[in-house]
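Protein chains in written order, with numbering that gives the first Met the number 0: chain A, 0 to 136; chain B, 0 to 408; chain C, 0 to 152; chain D, 0 to 111.
Hints in this document: simulated from the structure, not taken from any laboratory.
Each residue gets a CB set at the ideal place from its N, CA and C atoms; glycine is no exception.
Each hint should be verified, as a subset may be incorrect.
[As the list claims (entries may be wrong)] Simulated coverage check for chain C against chain B, where a stretch passes if three residues somewhere in it have a Cβ under 8 Å from a Cβ of chain B:
1. 40-50
2. 56-66
3. 70-81
[Said to hold, decoys possible] Straight-line C-alpha distance at most 30 Å; calculated DSBU-like pairs for lysine-lysine:
4. B/LYS132 x B/LYS63
5. B/LYS340 x C/LYS37
6. B/LYS220 x B/LYS210
7. D/LYS49 x B/LYS63
8. B/LYS268 x C/LYS37
9. D/LYS91 x D/LYS49
10. B/LYS210 x B/LYS268
11. D/LYS64 x B/LYS220
12. B/LYS210 x D/LYS91
13. A/LYS127 x B/LYS132
14. B/LYS340 x B/LYS405
15. D/LYS64 x D/LYS49
16. B/LYS210 x B/LYS63
[To be verified] If you want a taste of the chain B side facing chain C, the calculated C-beta under 8 Å gives, among others:
17. GLN106
18. VAL108
19. THR212
20. SER214
21. ASP215
22. LEU248
23. GLY249
24. VAL250
25. SER256
26. LEU260
27. VAL264
28. LEU333
Spelled out from the first residue to the last, the chains are:
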Amino acid sequence: MSATVPGEGRRIWAVLELLDRQLIARDGRLAGKVDDVEFDLSDDPDALPHVTGLLSGMGALANHIGGSIGHALAAAERRLSADRDRHPSRVDIALVTDIASGIEVDADRDDLDTCRAEHWTRDVIIDKIPGAGHVAQ
Amino acid sequence: MKKLLGVTLGILTAMGGFVDIGDLVANSATGARYGMSLAWAVVLGVVGIVVYAEMSGRVASVTKRATFDLVRERLGARAGLLNLGASFFITMLTLIAEVAGVALSVQLVTDVNYLLWIPLAGFAVWLVIWRVKFETLETTFGLLGLAMIVVVVAVVQLDPSWTQLWHHATHPSVPSGEGHPTYFYYAIALFGAAMTPYEVFFFSSGAVEEKWTRSDLMLNKANVYLGFPLGGLLSLGLMASAALVFHPLGVGVENLSQVALPTSVALGKIGLAFIIVGFVACTFGAALETALSCGYTMSQYFGWQWGKLVAPRDASRFHLVALLSVFVAIVVGLTAIDPIKVTEYSIVLSAAALPLTYFPILVIANDRTYMGEEVNGPVQNTIASIYMVILTVVALATVPLMIATKAGS
Amino acid sequence: MRRITIAVLVLIMVFALLVGLHPMTPARTRDDYRHKAKDTAESVLSSVQTARLVARVGSRGDAFGPYVSVMLSESEVGADGAQTSFESIQPPDRYSDLTRAHLTELIQRSSDVLSRLRISARRGELDRLEDQARPLRHLSQQLEAFIDDPGPR
Amino acid sequence: MLLSELLGVQVVSSTGDDLGRVHDVLLVQDGPVNARGQAGLRLHALAVGKRSFGAQLGYAQDMVKGPRLLRVLFHRSPELVPWSAIVRRDEKRIVVDAARRGELSEPTRPGS
């Protein structure tokens, strides 16, 4: 982990230490990857941009990858989520409690916006199979 | 005492779980065709998987992140996705071969065509994934796989001239009438059979699921340093049995059933019974590992919940991927595509794809901010770097050799 | 650039698969034909020798009935497969016609024995196998001789 | 603004030098403190250079030091360009003030 220099704050390389890392919800459940990082640019030209949120999900991933593969992913995502609103799933930076090998988020996984497809798969497919609710013995 | 038992159990599991359909086919086929003169490729592959798996297990224990999680983290989304495509395809190919292998093994005791067993075998694989705990399945099939020790007994029973076997293994040469490209093609097949990527996906995901920590590093080392080489011994046993029985007669191994014949010749019905139990356990265990690995790689790339510690409904996409993978394996298997050919392609392509996952793990094993004191030492790094070069050479040579030798024919 | 790389890789893969799954290509010269005849003979020899081993362990009670039966069917399928692909190759000249006639006869005789073995094994008459397999010994020697010098006798 | 909108963008100096592309950005946890006691992350600088793979792997940032074989291949320090030196920025190009681009010449290394 990067050292925290008093009065200066910990330094984090966004691509190396934040992007593409695992989001972990409060209950220890996995809640997607950091697919993009959102900044706010203040009106003051001398101020530095600051991180406001982490984007996660197929839409953000497609945008981040770009190129032909990104387009293909984006098309797949649009097809799968036709009736949903298009904004990418987002985790507010205020919920993030630790940035390490995983990014710890102070929220239950089921409350996070990033797990819509997980819930859809659960409700429409997996729950229909007997034994879906039991932990393996 | 209990700890010692745990370590022993781990070693035995790693040993029994080492062999899968790729090892069965590749070792027998090369033993029959080249005698022991390709034993070096098995040794090279076993040392390679030891280096690779030890790093992956250590990285997983320290960071709590499994292999494909780290592949994405270190290579980025784009290169990671291409990597996922290749790794998933090869793991899928292996799964097809393993499911067909279970069916072929059952055919040997029932004489009912293997195509009829494929759907049943696939269903059984899925059911175990759906219902059975990680530890139970790993231990059960690992220990049942120990039945393969019978091939070593068979080799002893065949009473070979050990000095001659040793001489052939230590003085490798291309037999007259055989081209160099084909010889090296088979070397790559053996290398890929020993060093299949799914083994590492499964091993590292298991380490994360069983909540390994720094204090389990000893267990990791014991499993890897003892279990895998002992498993490699089974591979060499398969090779030697084929070299002794088939090589002098000019028999080529084209079917899984032939792999059992030397043991039957040497030890009769009891030996045959053991080796067929070994076949079923090894292929079934590997089918489980590959089906799970399909789920692991995909889920770990996209950050979905994975694993068997939670109910299937709480890891819904992971279970969906595993379910679909098994389904695809059944459908492809039922097309009557030659399972032995699929196996050969899967191991050769495995060898070609190895650098894709090995490379990021090697980088992370050197990341002090991640690994702290557990980074690679200078000896580990030297060996690991040599393997990085070997893997790159193998990867570059595979496709040209495949074309030049018409896939080893 | 990356798209091109992927396309090339896919093409290579498809090509390799096609080549791998279709080992027999037309023969253009006599040497080429001899070479393919030799490969075929090797493949048939492999089936014949496997069948001999299986017949032996079967007769001596060293293997289970279903296993023996599976192995013998596979040997028969292997020999028949080799014969079919060999017969589909066009012999380029008269000399090759003679080579073809000789090898086809060897394969045919082997196939007949393999079929009889398979039938007995299916009936559970394992103790007869070793006797029935006896002609394979001579056939395997002839096949070996053919492999050493592929041509008409 | 998204991180993906910065990565890969070409960077030139106001005097016309091509500095390469953006490979990583340096965040420092020195912003306003939120309700959980966490300081906000502010974007201080862009890591700019000709080749990107070393930055992706962690060699360029000096976070990964071995093995020697890979370090030799991938270790190429990027130039750190302070955000405040940016004069103009659009989707394709970032122009930085030639006079101010070296303000962070003491490379800010994590943990150093």
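Hint check:
1. 40-50: holds (count 6)
2. 56-66: holds (count 9)
3. 70-81: holds (count 3)
4. B/LYS132 x B/LYS63: holds (19 Å)
5. B/LYS340 x C/LYS37: holds (22 Å)
6. B/LYS220 x B/LYS210: holds (16 Å)
7. D/LYS49 x B/LYS63: Violated, at roughly 34 Å.
8. B/LYS268 x C/LYS37: violated (35 Å)
9. D/LYS91 x D/LYS49: holds (16 Å)
10. B/LYS210 x B/LYS268: At roughly 43 Å apart (the allowed maximum being 30 Å), B/LYS268 and B/LYS210 break the hint.
11. D/LYS64 x B/LYS220: It holds: about 24 Å lies between the C-alpha atoms, which stays within 30 Å.
12. B/LYS210 x D/LYS91: violated (46 Å)
13. A/LYS127 x B/LYS132: holds (21 Å)
14. B/LYS340 x B/LYS405: holds (12 Å)
15. D/LYS64 x D/LYS49: holds (20 Å)
16. B/LYS210 x B/LYS63: Status holds; Cα separation ~8 Å.
17. GLN106: With Cβ-Cβ at 6 Å, under 8 Å, it holds.
18. VAL108: This interface hint holds because 6 Å falls under the 8 Å limit.
19. THR212: Status violated, d = 40 Å.
20. SER214: This hint is violated: B/SER214 lies away from chain C, its Cβ roughly 43 Å from the closest one there, beyond 8 Å.
21. ASP215: At 39 Å from the nearest chain C Cβ, B/ASP215 fails the 8 Å test, so the hint is violated.
22. LEU248: holds (4 Å)
23. GLY249: Nearest chain C Cβ about 5 Å off; hint holds.
24. VAL250: With a minimum Cβ separation of about 5 Å from chain C (threshold 8 Å), the hint on B/VAL250 holds.
25. SER256: Since the shortest Cβ distance to chain C is 5 Å, the answer is holds.
26. LEU260: holds (6 Å)
27. VAL264: holds (6 Å)
28. LEU333: violated (18 Å)
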